[in-house]
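Peer 1: On the provided structure of chain A, position chain B as indicated by the hints.
Keeping their order, the protein sequence lines are chains A and B. Just so you know, this note's numbering puts 243 at position 92 of the first sequence, and the rest follows in order with no gaps. Just so you know, this note's numbering puts 68 at position 67 of the second sequence, and the rest follows in order with no gaps.
Please note that the accuracy of each hint is not assured.
Taking CB as the label site, the calculated pair distances span [said to hold, decoys possible]:
hint	chain 1	residue 1	chain 2	residue 2	range
1	B	Q127	A	E251	17 to 25 Å
2	A	E201	B	G60	44 to 52 Å
3	A	L257	B	A114	47 to 55 Å
4	B	A30	A	V195	48 to 56 Å
5	B	D39	A	G220	38 to 46 Å
6	A	R223	B	Q131	30 to 38 Å
7	A	S198	B	A50	31 to 39 Å
Simulated from the structure, these hints should not be mistaken for lab results. Glycine included, C-beta positions come from ideal geometry on N, C-alpha and C.
Listed below are the residues making up each chain.
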Amino acid sequence: MTSPIGGISFPSAVTGLAGVTGTAAPSDAVDRTAAAGDNGFASVLVSSLEELQAKQATSDGLAVQAATGDLRDVHDYMIAANETKLATDMVVTIKNKAVEAFNEILRMPV
Amino acid sequence: MSTFDSLGISGSGLLVHRKWLDAVSDNIANINNVTSTDQDAFQERLIVAQAVDYGSGEGGVRVARAEYGSAEGRMVHEPDHPLADANGYVRYPDIDLGDQMTQLIMAQRGYQANLAVVERATTAYQAALQLGKG
Numbered sequence: 152m153t154s155p156i157g158g159i160s161f162p163s164a165v166t167g168l169a170g171v172t173g174t175a176a177p178s179d180a181v182d183r184t185a186a187a188g189d190n191g192f193a194s195v196l197v198s199s200l201e202e203l204q205a206k207q208a209t210s211d212g213l214a215v216q217a218a219t220g221d222l223r224d225v226h227d228y229m230i231a232a233n234e235t236k237l238a239t240d241m242v243v244t245i246k247n248k249a250v251e252a253f254n255e256i257l258r259m260p261v
Numbered sequence: 002m003s004t005f006d007s008l009g010i011s012g013s014g015l016l017v018h019r020k021w022l023d024a025v026s027d028n029i030a031n032i033n034n035v036t037s038t039d040q041d042a043f044q045e046r047l048i049v050a051q052a053v054d055y056g057s058g059e060g061g062v063r064v065a066r067a068e069y070g071s072a073e074g075r076m077v078h079e080p081d082h083p084l085a086d087a088n089g090y091v092r093y094p095d096i097d098l099g100d101q102m103t104q105l106i107m108a109q110r111g112y113q114a115n116l117a118v119v120e121r122a123t124t125a126y127q128a129a130l131q132l133g134k135g
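If we strip away everything but chain A, and leave its shape as in the complex, we get:
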């Protein structure tokens, strides 16, 4: 595998890093997605947004039930709200990271 930082040799003391073979996978994945075009980051973002939207719909439904007195289990709503908050945080974090990376590329001196 050709690495962009192939010229930079690691200090021999950090040989333990060789054991972390899993790190090779992401860059391979990026290569593939870049070639595939459609299956790139956009589709990942879209699917996670759809999942988030489903969670928010569930949470909203339970909130309505709580307001109308139809809620059978208090913990159901609390867990759904909790899960929605976490999912929102996650999608926003991923989005921010992606935009940050894109901006970083835009700033690259040509």
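Peer 2: Then chain B, alone, in the frame of chain A:
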């Protein structure tokens, strides 16, 4: 399945313990029901919990069914009672209040334990997300 599985699994545990609490409260509410000897006594409600699935990776617990205790109850000699039979006996449910209180504590503690899991899992996920915010 999904990213935040442990929340759903703890939710199923909460549901089972809530139903157990319901059963115990039903038992305690009906503990002093008196019936005549030609009728069934109030039957103790028992909840049977079961793992959702073994080995398939889907976690969680569910209430498989409700079992019922003895319909015979306890025969008590109360000749003055309006429901007493010719021999002066009435039926009381065969429920022990001490046992019900123990079950109440177990159900409550189980509920709290599942809530603690929800809390810790949320904190752990949030810590993981903090990694991306730096």
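Peer 1: So which of the earlier hints does this model not fit?
Peer 2: 2
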